[in-house]
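Participant: Residue numbers (this note's numbering), protein chains in the order written: chain C, 205 to 334; chain B, 205 to 334; chain X, 205 to 334.
Hints in this document: simulated from the structure, not taken from any laboratory.
Predicted, not measured: the structure shown is a model, and the values here were computed from it.
For every residue, glycine included, the Cβ atom is placed at its ideal position computed from N, Cα and C.
Be aware that one or more of the hints could be misleading.
Some residues of chain C that are not near chain B, with every Cβ distance over 12 Å (derived) [said to hold, decoys possible]:
id	residue
1	212
2	222
3	227
4	229
Cβ pair distances, simulated, as ranges [unchecked claim]:
id	chain 1	residue 1	chain 2	residue 2	range
5	C	328	B	224	20 to 30 Å
6	B	283	C	233	43 to 53 Å
7	C	231	B	328	34 to 44 Å
8	X	214	C	234	33 to 43 Å
9	X	284	B	305	47 to 57 Å
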Amino acid sequence: MQIIKVRSHQREELVEFTTEVQSKLKDVGEREGICFLYVQHTTAGLTVNENADPDVPRDMLHALRTLIPQHGMDFQHGEENSDAHIKASVVGSSVSIPFKDGKLLLGRWQGVFLCEFDGGRERQVIMMIK
Amino acid sequence: MQIIKVRSHQREELVEFTTEVQSKLKDVGEREGICFLYVQHTTAGLTVNENADPDVPRDMLHALRTLIPQHGMDFQHGEENSDAHIKASVVGSSVSIPFKDGKLLLGRWQGVFLCEFDGGRERQVIMMIK
Amino acid sequence: MQIIKVRSHQREELVEFTTEVQSKLKDVGEREGICFLYVQHTTAGLTVNENADPDVPRDMLHALRTLIPQHGMDFQHGEENSDAHIKASVVGSSVSIPFKDGKLLLGRWQGVFLCEFDGGRERQVIMMIK
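Just chain C, with the same shape it has in the complex (with noise of 0.2 Å):
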């Protein structure tokens, strides 16, 4: 089991981190298998997208936030974050990325991030090599 830490700086944020993951698997030494990353937060998730133009992450968050706006949608947990929850589970709070050689199959354009939807903080993946 690895731990990875991730940094994110506003309150919406998609944080790429694909780099890390391919560092701590080398550390870990398996050949082949799958990557398995899981956030222990309520408010962020994990997705594999585009890491080419930062044009799709901003649209992602876009689109996200005029689905689901902080304000507006008659929401009554008093922390003012219920659509951080709704859109961490609408991404997902975790993903899996098979691995050969070493190396994440990840596809040309594909990278791993963070999706921040209550930050900016410092968030904690678990990463597991099956």
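Dock chains B and X against the given chain C, drawing on the hints supplied.
Facilitator: Okay, now just chains B and X, sitting in the frame of chain C:
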């Protein structure tokens, strides 16, 4: 392989069953790995989210219902539960949670929920440890 | 590790490939475990949902298109497919399905779908057994 039965009582309901998962995990006796949960239904899903304030699951169901209402979206599926099928795919049919020393590595506020979108019913969840 | 090629013919399409997954699983010869599927693309996803009535996938694509249309949401990504990237993260890039006695433990109405959001294309899905 373990089977967990989860009972819902309303059409839309987030039913927490963290205790059942932890209990089955104890029965299995493994120390470290991934606890994989899978729901064998197409109008219910699984998610990990906050289990402290009941307003969080309430707000989640409210937002999903606002975005994808049961009626009024010109659905063609004859059973009047297309909204439930769609919500099931949005939250997903499985969750995976790492564990260590026989305990689920849930964050401080995290619980495991069956997301019922077409209940009340008894739902079947398959649990596997890897 | 197995590779499954899935062909879509429309921009948005849910392409069922349950038979191919079950067939590859038979080739592998394992009796019990988790069948993990991963799509190496950023404008397509994977989901498990009803495969009996074609109106269910039709309604799902319709709802996602209504919520996240290709045009009109002020997207900045220049390829006019931000909607596809977002939908891919909403449904997710992987699914995991338990199996026993060499058979996928799908519920009565469940099938495995490639969620194409920017086709038609040939897509590559990686399958691993654990």
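Participant: Over 12 Å to the closest beta carbon of chain B is the bar; see if residue 222 (chain C) clears it.
Facilitator: holds (20 Å)
Participant: Per the stated criterion, does the least C-beta distance between residue 227 (chain C) and chain B lie above 12 Å, as a non-interface residue requires?
Facilitator: Nearest chain B Cβ is 19 Å from residue 227 (chain C), so the label holds.
Participant: Range hint 43 to 53 Å: satisfied by the CB atoms of residue 283 (chain B) and residue 233 (chain C)?
Facilitator: Hint holds: Cβ distance 51 Å, inside 43 to 53 Å.
Participant: Between residue 328 (chain C) and residue 224 (chain B), does the C-beta distance stay in 20 to 30 Å?
Facilitator: holds (25 Å)
Participant: Has the hinted range 34 to 44 Å been met by the Cβ atoms of residue 231 (chain C) and residue 328 (chain B)?
Facilitator: Because 39 Å falls inside the window, the suggested range holds.
Participant: Is the nearest Cβ of chain B still more than 12 Å from the Cβ of residue 229 (chain C)?
Facilitator: holds (16 Å)
Participant: With 12 Å as the threshold, tell me whether residue 212 (chain C) passes as away from chain B on beta-carbon distances.
Facilitator: holds (16 Å)
Participant: Starting from the hint 33 to 43 Å, judge whether the C-beta atoms of residue 214 (chain X) and residue 234 (chain C) obey it.
Facilitator: holds (39 Å)
Participant: Against the range 47 to 57 Å, how does the distance between the Cβ atoms of residue 284 (chain X) and residue 305 (chain B) compare: consistent or not?
Facilitator: At roughly 50 Å between Cβ atoms, residue 305 (chain B) and residue 284 (chain X) fall inside 47 to 57 Å, so the hint holds.
When each numbered hint is compared with the structure, no violation occurs for any of them.
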